[in-house]
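So you can see what is in the structure, the chains are spelled out below.
Protein chains: 4
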Amino acid sequence: MVTPFNDSGSIQYELFEHNIEKYVEAGIEGYLVLGSNGESVYLEHSEKLKLIEAARKRIPSSMTLLAGTGVESTQGTILLTKEAAERGADAVLVKNPSYFKAQMTFDAYMAHYTAIADASPIPVIIYNVPVFTGVPLQSTLVIELTKHPNIRGLKDSSGDPKLISEVVWNTDTKKFGVLAGAAATLLPTMVAGARGGIVALACAAPRAMLALYRAFASGDYKKAGDIQRITAPAAGAVTGTNGIAGLKAAMELEGLQGGVPRRPLLPLKAEAREDLARIFRRMNSELAELS
Amino acid sequence: MVTPFNDSGSIQYELFEHNIEKYVEAGIEGYLVLGSNGESVYLEHSEKLKLIEAARKRIPSSMTLLAGTGVESTQGTILLTKEAAERGADAVLVKNPSYFKAQMTFDAYMAHYTAIADASPIPVIIYNVPVFTGVPLQSTLVIELTKHPNIRGLKDSSGDPKLISEVVWNTDTKKFGVLAGAAATLLPTMVAGARGGIVALACAAPRAMLALYRAFASGDYKKAGDIQRITAPAAGAVTGTNGIAGLKAAMELEGLQGGVPRRPLLPLKAEAREDLARIFRRMNSELAELS
Amino acid sequence: MVTPFNDSGSIQYELFEHNIEKYVEAGIEGYLVLGSNGESVYLEHSEKLKLIEAARKRIPSSMTLLAGTGVESTQGTILLTKEAAERGADAVLVKNPSYFKAQMTFDAYMAHYTAIADASPIPVIIYNVPVFTGVPLQSTLVIELTKHPNIRGLKDSSGDPKLISEVVWNTDTKKFGVLAGAAATLLPTMVAGARGGIVALACAAPRAMLALYRAFASGDYKKAGDIQRITAPAAGAVTGTNGIAGLKAAMELEGLQGGVPRRPLLPLKAEAREDLARIFRRMNSELAELS
Amino acid sequence: MVTPFNDSGSIQYELFEHNIEKYVEAGIEGYLVLGSNGESVYLEHSEKLKLIEAARKRIPSSMTLLAGTGVESTQGTILLTKEAAERGADAVLVKNPSYFKAQMTFDAYMAHYTAIADASPIPVIIYNVPVFTGVPLQSTLVIELTKHPNIRGLKDSSGDPKLISEVVWNTDTKKFGVLAGAAATLLPTMVAGARGGIVALACAAPRAMLALYRAFASGDYKKAGDIQRITAPAAGAVTGTNGIAGLKAAMELEGLQGGVPRRPLLPLKAEAREDLARIFRRMNSELAELS
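Residue numbers (this note's numbering), protein chains in the order written: chain A, 1 to 291; chain B, 1 to 291; chain C, 1 to 291; chain D, 1 to 291.
Please note that the accuracy of each hint is not assured.
Which copy? The list can't say, so a pair holds if one copy fits it or any two copies do.
No farther apart than 25 Å at their CA atoms in a straight line, the calculated lysine-lysine pairs in the DSS-like style are these [claimed, not checked]:
#: 1; residue 1: Lys162; residue 2: Lys269
#: 2; residue 1: Lys175; residue 2: Lys222
#: 3; residue 1: Lys50; residue 2: Lys269
#: 4; residue 1: Lys82; residue 2: Lys175
#: 5; residue 1: Lys101; residue 2: Lys269
#: 6; residue 1: Lys162; residue 2: Lys22
#: 7; residue 1: Lys57; residue 2: Lys269
#: 8; residue 1: Lys222; residue 2: Lys162
#: 9; residue 1: Lys269; residue 2: Lys175
#: 10; residue 1: Lys223; residue 2: Lys50
#: 11; residue 1: Lys101; residue 2: Lys162
What the hints contain is simulated information worked out from the structure, not anything from laboratory work.
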């Protein structure tokens with residue numbers, strides 16, 4: 001889920017809660033607050049806690065709330081993880097620290113994730129997002145980490161089929177699940193063994209992403225493939241080309257409330273907004289024909 | 001197709017022809033000589049011509065022979081393209097030149113591919129392989145190039161879903177076809193709109209790759225997905241982890257004749273060879289259960 | 001300056017202040033707190049404020065105190081900048097935000113740095129450190145930013161001679177100064193027009209770095225070149241090879257107090273520590289011969 | 001030295017020889033044919049041999065002629081190396097093969113360079129140019145290779161001070177010499193221990209580069225620093241910004257004969273040519289003031 005801001009950079013909690021209501025109506029069963037597209041790197045510590053609370057308040061207890069609690073330091077991540085658990089998060093998503101790239105070795109990551117999983121009252125999901133961190137996680141590391149009883153999944157936004165297949169092949173998929181991290185690779189990653197996905201495009205087009213997931217889960221690969229193909233341009237335009245500003249603009253096209261990004265991110269320019277509208281119109285029209 | 005060498009670096013044409021016979025028996029309908037995994041960058045000009053001739057001699061005229069003719073200079077590519085056509089190639093695969101990376105602009109590539117397509121007596125297929133060239137092709141370039149009547153396809157080894165979907169969405173797929181360039185992304189790329197693939201793993205496991213293609217083409221996405229998943233570790237081990245030495249060793253595991261790579265590539269070490277054998281045994285056993 | 005931690009990750013303020021005393025004795029005239037090697041990405045907001053206060057308390061008012069206040073968000077950077085000024089910092093060092101790499105455009109950075117420089121009560125120095133951020137600053141951006149009256153310098157840790165020469169050539173060097181950001185490129189960057197440097201090796205070998213600077217400033221390029229060459233292996237070993245753990249271990253070799261890094265950074269292994277000791281012994285012996 | 005082409009892509013040997021005469025007049029003592037800026041990747045094998053012959057014919061036997069003979073395959077490099085020696089080259093420059101990046105390991109490179117140095121009748125100089133190859137050479141490899149009696153130097157175009165200082169520190173500089181590979185880092189690299197340089201800018205401004213070298217060699221670091229700084233914008237504009245088209249245009253500004261680049265490289269646009277002229281005018285005027 002995105003974090004809506006107004007022009008002066010303040011969080012609009014009422015818009016945030018409005019969006020959750022829409023997602024619940026659409027049938028979304030799991031929610032992530034404080035992810036990359038939630039602009040967690042731009043949030044103060046106190047804002048993070050309020051967003052977890054606001055999300056839990058609106059999300060039915062039967063549905064899963066994940067919180068992104070990974071920061072650069074091990075102790076900072078542990079602190080936020082515990083606070084998230086206290087506020088009702090069901091699990092945490094922990095991206096790998098990456099500022100000191102050359103020192104982020106196998107041993108450093110093993111110690112980091114083990115300390116967090118040991119300390120966390122709730123399950124830990126590893127988050128691999130090299131487009132932002134610059135440091136892709138290796139399959140050997142992920143496979144070793146799956147042995148920890150409290151490490152329960154991987155959200156992979158790289159779409160690297162080698163990573164996904166090696167992890168799926170070498171882990172107990174009853175205990176450890178892989179989740180696709182990008183709409184553009186949702187079906188391929190599920191084909192490779194992922195259980196589902198946490199994808200930005202679902203913020204703007206929750207019903208289309210749900211339909212793709214359900215088609216795949218029910219064995220209707222033909223329909224899943226059609227939806228994957230029809231939604232691909234939107235998936236590329238949102239986040240890929242236009243970043244979070246694009247995702248937020250797309251939400252407004254679809255009756256949700258994105259607000260603007262926080263600076264240094266700039267709002268979407270008019271021309272890009274028109275391209276986006278054209279892409280969504282075509283996507284919606286093709287999806288309507290499909291069903 | 002790989003180019004088999006002996007320990008002193010000479011091409012073993014009889015092994016090359018032996019492999020073609022096996023592929024024809026397996027039902028492969030299209031063949032690529034002088035591709036990346038054919039070690040074209042290590043071949044003399046005269047060797048390239050002999051390999052095209054040897055391939056055409058063994059490949060039935062009803063089946064397609066592609067030749068990789070892209071070298072760094074425009075005029076060198078045109079020369080080799082014409083010579084390939086004279087020797088019976090049905091189309092040429094042209095990777096983008098990439099030594100002077102900063103100068104490989106949209107305009108430079110437009111002029112390069114246009115000059116080649118103008119001069120070539122046979123259709124031209126663009127080849128995008130950033131893992132080797134270091135310069136990924138942009139969708140805007142590819143889309144513009146599809147307008148040339150003699151540019152008829154894209155082999156994409158990047159697996160970038162944004163590139164593939166934008167190209168498929170914006171081109172006349174009757175005239176211009178996308179082909180997956182890596183086994184690890186074969187099904188996902190076909191789901192995104194590709195017609196088929198030219199994938200290294202098919203050199204060692206032609207029947208498995210054909211089965212995947214046919215399952216997809218006949219609408220049996222479930223089976224296609226199963227084969228994709230089962231073959232993923234082999235796809236990663238061959239080329240990805242072990243490079244061409246791995247592909248050649250895998251061919252020998254499967255009754256084909258890879259020979260050794262040409263230097264500076266080193267032959268596979270014993271330990272890696274054992275890992276590979278284990279991966280192929282498991283793959284073959286799982287594929288057997290499937291059918 | 002580094003931030004010394006103990007094994008449980010707490011800041012050892014008394015060691016931090018001890019080091020400052022040693023640097024003052026050595027004759028260092030400018031001090032940076034909360035830089036990359038100060039592990040600022042691992043510090044809580046409240047810790048950052050305490051470190052600025054501790055530094056200002058020990059550093060004579062005639063000497064310059066810089067504080068690294070760049071975080072990912074514009075508003076967070078402005079907040080910390082103002083707090084640093086209130087606590088006696090003379091200027092702030094602001095690295096470019098870089099999480100959402102593709103959106104960190106010329107316009108986004110112009111707006112970011114302009115907003116900070118407008119709001120800051122003290123001068124702003126741009127900090128380019130692509131080895132950590134993954135996003136190198138372009139000379140066109142830096143040159144445009146030098147026009148702001150409150151943007152007064154660039155610390156460049158890339159060592160890119162094109163960037164440095166273009167910036168020096170196109171700016172009023174009376175108002176805007178370039179500082180080298182790495183010991184390995186200190187003399188070359190001063191030759192290209194930099195005024196001095198902020199370099200990690202000075203934490204462990206302040207006298208050698210001062211000697212290099214003074215030799216250059218007095219026109220004794222021969223001696224400056226000798227010191228540059230003699231210290232190069234230490235510069236590579238500290239930070240480059242071993243990261244902050246190496247820098248902290250080197251400080252202990254030289255009678256300073258580095259403590260250990262905060263996790264996920266791991267302390268230096270025994271073998272690397274011995275290599276480091278050997279490199280420093282040789283450096284010190286060669287420096288002694290020189291004078 | 002560049003290879004001048006006409007608009008239809010043919011080598012203009014008379015322009016090539018004209019340039020050599022000018023360089024001899026200027027006092028240049030060493031010459032490289034078939035380097036990166038000689039567009040060796042665009043040359044046919046027979047053209048390479050003719051260029052070596054043409055160069056040797058014009059270059060006095062008391063002066064050194066180097067030939068760039070590195071191609072992707074080990075055996076192709078050995079063949080061209082022997083042919084260059086037969087045609088009078090005094091040493092060969094061998095860049096590292098790099099197409100199959102992941103397989104270009106320490107062992108592969110050791111075997112490659114050892115085989116070439118064993119077979120070559122003339123000394124071998126290693127050439128590190130990661131901006132084009134995408135694969136930087138590691139200092140451990142270079143240091144190990146310096147033990148071969150026929151490997152006598154490194155041309156380094158990376159400007160990486162850690163590489164240069166480690167190589168200089170760990171080799172017998174009487175037998176093995178480092179040469180700077182870029183004008184922008186000529187003085188810094190000599191300060192770090194290099195003996196001289198092979199730099200593109202010398203094709204257009206041979207007297208300025210010689211003056212820089214001689215100032216350094218005679219201990220006049222102040223003057224060397226001034227020339228380094230004055231020539232830095234030209235060094236950045238030639239090759240860096242504009243590539244070989246820029247270098248060739250700059251040669252024409254300076255009374256030499258660059259011709260045009262071979263396709264896919266495009267000739268310089270008028271606007272870039274004007275920028276270049278402005279940069280060279282300012283450089284020449286500042287150099288004139290200096291002496």
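Evaluated hints:
1. Proximity of lysine 162 and lysine 269 under a CA criterion of 25 Å is satisfied inter-copy only: 21 Å between copies versus 37 Å inside one chain copy.
2. With identical chains, the CA atoms of lysine 175 and lysine 222 are at most 25 Å apart between copies only, with a shortest distance of 24 Å across copies and 29 Å within one.
3. For a Cα distance limit of 25 Å, the shortest separation of lysine 50 from lysine 269 qualifies neither inside one copy, at 30 Å, nor across copies, at 41 Å.
4. For a Cα distance limit of 25 Å, the shortest separation of lysine 82 from lysine 175 inside one copy, 22 Å, qualifies, whereas the shortest one across copies, 49 Å, does not.
5. With identical chains, the CA atoms of lysine 101 and lysine 269 are at most 25 Å apart between copies only, with a shortest distance of 18 Å across copies and 33 Å within one.
6. For a Cα distance limit of 25 Å, the shortest separation of lysine 162 from lysine 22 qualifies neither inside one copy, at 36 Å, nor across copies, at 28 Å.
7. For the identical chains of this complex, lysine 57 and lysine 269 are neighbours neither inside a copy (34 Å) nor across copies (48 Å), given an alpha-carbon limit of 25 Å.
8. Taking the shortest alpha-carbon separations for lysine 222 and lysine 162, both the intra-copy value of 24 Å and the inter-copy value of 20 Å come in at or below 25 Å.
9. For the homomeric pair lysine 269 and lysine 175, neither the shortest alpha-carbon distance inside one copy (45 Å) nor that between copies (35 Å) is at most 25 Å.
10. For the homomeric pair lysine 223 and lysine 50, neither the shortest alpha-carbon distance inside one copy (40 Å) nor that between copies (47 Å) is at most 25 Å.
11. In this homomeric assembly, lysine 101 and lysine 162 come within 25 Å of each other (Cα to Cα) both inside a single copy, at 22 Å, and across copies, at 18 Å.
Of the hints listed earlier, those the structure fails to meet are numbers 3, 6, 7, 9, 10, in rising order.
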